Amino acid sequence: MAGSPDGKGPGGAEVAWSIIGLLLAGVIAWGGIGWLVDKWAGTNVFLPVGILVGAAGAFYLVIRRYGRG
Amino acid sequence: MTMPPTLLARAGFRAPGTEDFQWPAIWTIHLDGFTLEINRTALLMILAAVAVLVLFLIAFRRPRVVPRGAQNLVEVGVDFVRRQIILEVIGRDGLRFLPYLTTLFFFIFFANVLEIVPGINFPATSRMALPAFLAILSWLLFNWVGIRSQGLGRYLRNTILPPGIPWPLYFLIAPIEFVSTLIVRPVTLSVRLLANMIAGHLILAVFFLGTVYLIERPATAVFAVPAFVMAVALVGFELIVALLQAYIFTILTAVYLAGALEPEH
Chain E
44 MAGSPDGKGP GGAEVAWSII GLLLAGVIAW GGIGWLVDKW AGTNVFLPVG
94 ILVGAAGAFY LVIRRYGRG
Chain C
416 MTMPPTLLAR AGFRAPGTED FQWPAIWTIH LDGFTLEINR TALLMILAAV
466 AVLVLFLIAF RRPRVVPRGA QNLVEVGVDF VRRQIILEVI GRDGLRFLPY
516 LTTLFFFIFF ANVLEIVPGI NFPATSRMAL PAFLAILSWL LFNWVGIRSQ
566 GLGRYLRNTI LPPGIPWPLY FLIAPIEFVS TLIVRPVTLS VRLLANMIAG
616 HLILAVFFLG TVYLIERPAT AVFAVPAFVM AVALVGFELI VALLQAYIFT
666 ILTAVYLAGA LEPEH
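Order-wise, the sequence lines are chains E and C. For the record, in the first sequence the residue sitting at position 64 is 107 according to the numbering used here, with numbers rising by one throughout. For the record, in the second sequence the residue sitting at position 79 is 494 according to the numbering used here, with numbers rising by one throughout.
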């Protein structure tokens, strides 16, 4: 059985990049969804809402994955 | 004539820039509908590939149980990928990827190290085509492996919805995990390699061009010595970076393969 994928490998630096990648993914994903909603609905509030929601979700995932010791 | 924008430019120093990554076409091939241009970068990619091929052919032409010479050296590399990358990260299941990961590791290293090979001094991986293509290959591989080993539905489900999350949050988490696994991974794989090689090339160019600039002018000639010392030190540093970036690309591919073979804990 293989160990935790991010535990081995190039050490702590890789964890840092994974965290950045996850935060970026959250913002891009939900910012993108918010932007699409804005385009179709003609509003301009869902883009920032999406960015915030994505950031929040990504923070949750980061804490869940890397938080507990 | 307009004033050059920077103080250094006004003093006559041409700083390295994006133009240093663009090479003129050497051969132009007109095919039906589009034009193929072979420039220095393309030739260097081919050179790196041929170098890997030749190295392995020479090393294993007449293999011995107790290796000597080239075989010994290459076996150190293969054993490194086998032990430190595959067995560490994936486990015995991953040994079928040894050919791909070994080739990836050696090829990226050779393409990177062209930066410090005298006379060449340009890494083939500093143009996006090569890192992007390698990242796409790794992406196709880990997704293919995931689909083959878990089935399309279960693989997607395990990728997008990691276990252990309370189900009301699925809606929030799914797009994030989707983007993180399927989009961010190939982008960061390629950009990490590309940016490291671009930065290395630029900094080496700065210090070598700087040495020449300083030594040409009697007022600053003495400063050419520390500039040159830095340049030489950076050549050594770039060798380490070439090796390290090849290692990071390979081990991350292995990590993604491990994640595809076994869903998240």
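Just so you know, these hints were derived from the structure itself, not from any lab. Small disclaimer: the values here were computed from a predicted structure and weren't measured. Where hints are given, some of them may not hold.
Simulated restraints on C-beta separations [as the list claims (entries may be wrong)]:
1. E:A99 <-> C:H445: 28 to 38 Å
2. E:W60 <-> C:T421: 31 to 41 Å
3. C:L513 <-> E:W60: 52 to 62 Å
4. E:I106 <-> C:Q499: 50 to 60 Å
5. E:W60 <-> C:R563: 42 to 52 Å
6. E:A84 <-> C:A466: 54 to 64 Å
7. E:W60 <-> C:R569: 43 to 53 Å
8. C:A610 <-> E:I106: 38 to 48 Å
Even glycine gets a Cβ: it sits at the ideal position worked out from N, Cα and C.
Hint check results:
no.	hint	in the structure
1	E:A99 <-> C:H445: 28 to 38 Å	violated (54 Å)
2	E:W60 <-> C:T421: 31 to 41 Å	holds (33 Å)
3	C:L513 <-> E:W60: 52 to 62 Å	violated (25 Å)
4	E:I106 <-> C:Q499: 50 to 60 Å	violated (30 Å)
5	E:W60 <-> C:R563: 42 to 52 Å	violated (28 Å)
6	E:A84 <-> C:A466: 54 to 64 Å	holds (56 Å)
7	E:W60 <-> C:R569: 43 to 53 Å	violated (28 Å)
8	C:A610 <-> E:I106: 38 to 48 Å	violated (28 Å)
In this structure, the hints that do not hold are numbers 1, 3, 4, 5, 7 and 8, in rising order.
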